[in-house]
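Its first residue numbered -4, the sequence shown is counted upward by one per residue in this note's numbering.
Simulated from the structure, these hints should not be mistaken for lab results.
Just so you know, these numbers come straight off a predicted model, no measurement behind them.
Any given hint could turn out to be false.
[Stated by the list, open to error] Result set (EDC-like, lysine to aspartate or glutamate): computed pairs, CA atoms no more than 20 Å apart in a straight line: (1) 16 / 84; (2) 20 / 128; (3) 20 / 108; (4) 16 / 1; (5) 127 / 111; (6) 20 / 57; (7) 103 / 128; (8) 103 / 85; (9) 6 / 92; (10) 6 / 85; (11) 131 / 108; (12) 30 / 7; (13) 20 / 63; (14) 20 / 92; (15) 16 / 67; (16) 16 / 92; (17) 24 / 111; (18) 6 / 84; (19) 24 / 99; (20) 25 / 61; (21) 24 / 57; (22) 20 / 67; (23) 127 / 117; (24) 24 / 82; (25) 20 / 61; (26) 16 / 98; (27) 6 / 82; (28) 16 / 117; (29) 13 / 84; (30) 103 / 61; (31) 20 / -1; (32) 25 / 85; (33) 16 / 99; (34) 24 / 98.
[To be verified] Simulated DEER-style distance windows between Cβ atoms: (35) 54 / 84: 20 to 28 Å; (36) 135 / 50: 43 to 51 Å; (37) 81 / 120: 46 to 54 Å; (38) 20 / 115: 21 to 29 Å.
Cβ coordinates follow ideal geometry from the N, Cα and C atoms, glycine included.
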Amino acid sequence: MFTDVEFMTAKEKELVLKHWKTFLKYGLKKQHFTKRLYEHLHLRCGFVANFSIYGFYSAYFEAGQDIERFFERFYSHLARSHGVNHDYDDINGAMHDVYTQYEDAIRKQAQDDIAERLNVLEAGVKRSKTDKEFAKKFLSSVRI
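Given these sequences and hints, build the entire structure.
If you want it as structure tokens, here you go:
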């Protein structure tokens, strides 16, 4: 299915795909975001490294982050790079195919995360109207 290239063997590509499937299947959980997956994404898929695996995960996948933005960038990279450098077309195309299997669940999760964040914000605003000390702390923690 995969071919060896200068900086990645077919076996390494298989492992990346396996980790990707697990990551998507279990709802983008931190414990399933592996170093192997992180390195493929920032070295071969056009993403900035965000200083570390933790920064990368936090920027794209922690609750409340714009998960859809990550997948839009991933799709954009695939479209730009396809056919330009064939070395990673096989693994990146396979990753795309796996994503389509989980796309609806991931989009629902993103919408649920947004709804939950809005509920927390609404509760904070409501409490802030009667508790001025809380209001100060709340406003300092909200990015406006």
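Going down the list of hints, with the structure as the test:
{"no.": "1", "hint": "16 / 84", "result": "holds, 17 Å"}
{"no.": "2", "hint": "20 / 128", "result": "violated, 42 Å"}
{"no.": "3", "hint": "20 / 108", "result": "holds, 17 Å"}
{"no.": "4", "hint": "16 / 1", "result": "violated, 24 Å"}
{"no.": "5", "hint": "127 / 111", "result": "violated, 24 Å"}
{"no.": "6", "hint": "20 / 57", "result": "holds, 16 Å"}
{"no.": "7", "hint": "103 / 128", "result": "violated, 36 Å"}
{"no.": "8", "hint": "103 / 85", "result": "violated, 28 Å"}
{"no.": "9", "hint": "6 / 92", "result": "holds, 18 Å"}
{"no.": "10", "hint": "6 / 85", "result": "holds, 12 Å"}
{"no.": "11", "hint": "131 / 108", "result": "violated, 25 Å"}
{"no.": "12", "hint": "30 / 7", "result": "holds, 12 Å"}
{"no.": "13", "hint": "20 / 63", "result": "holds, 16 Å"}
{"no.": "14", "hint": "20 / 92", "result": "holds, 13 Å"}
{"no.": "15", "hint": "16 / 67", "result": "holds, 18 Å"}
{"no.": "16", "hint": "16 / 92", "result": "holds, 10 Å"}
{"no.": "17", "hint": "24 / 111", "result": "holds, 17 Å"}
{"no.": "18", "hint": "6 / 84", "result": "holds, 15 Å"}
{"no.": "19", "hint": "24 / 99", "result": "holds, 17 Å"}
{"no.": "20", "hint": "25 / 61", "result": "holds, 15 Å"}
{"no.": "21", "hint": "24 / 57", "result": "holds, 8 Å"}
{"no.": "22", "hint": "20 / 67", "result": "holds, 19 Å"}
{"no.": "23", "hint": "127 / 117", "result": "holds, 16 Å"}
{"no.": "24", "hint": "24 / 82", "result": "violated, 29 Å"}
{"no.": "25", "hint": "20 / 61", "result": "holds, 18 Å"}
{"no.": "26", "hint": "16 / 98", "result": "holds, 12 Å"}
{"no.": "27", "hint": "6 / 82", "result": "holds, 14 Å"}
{"no.": "28", "hint": "16 / 117", "result": "violated, 35 Å"}
{"no.": "29", "hint": "13 / 84", "result": "holds, 16 Å"}
{"no.": "30", "hint": "103 / 61", "result": "holds, 12 Å"}
{"no.": "31", "hint": "20 / -1", "result": "violated, 26 Å"}
{"no.": "32", "hint": "25 / 85", "result": "violated, 26 Å"}
{"no.": "33", "hint": "16 / 99", "result": "holds, 15 Å"}
{"no.": "34", "hint": "24 / 98", "result": "holds, 15 Å"}
{"no.": "35", "hint": "54 / 84: 20 to 28 Å", "result": "holds, 26 Å"}
{"no.": "36", "hint": "135 / 50: 43 to 51 Å", "result": "violated, 23 Å"}
{"no.": "37", "hint": "81 / 120: 46 to 54 Å", "result": "holds, 52 Å"}
{"no.": "38", "hint": "20 / 115: 21 to 29 Å", "result": "holds, 27 Å"}
Violated hints, listed in ascending order, are 2, 4, 5, 7, 8, 11, 24, 28, 31, 32 and 36; each of the other numbered hints is respected by the structure.
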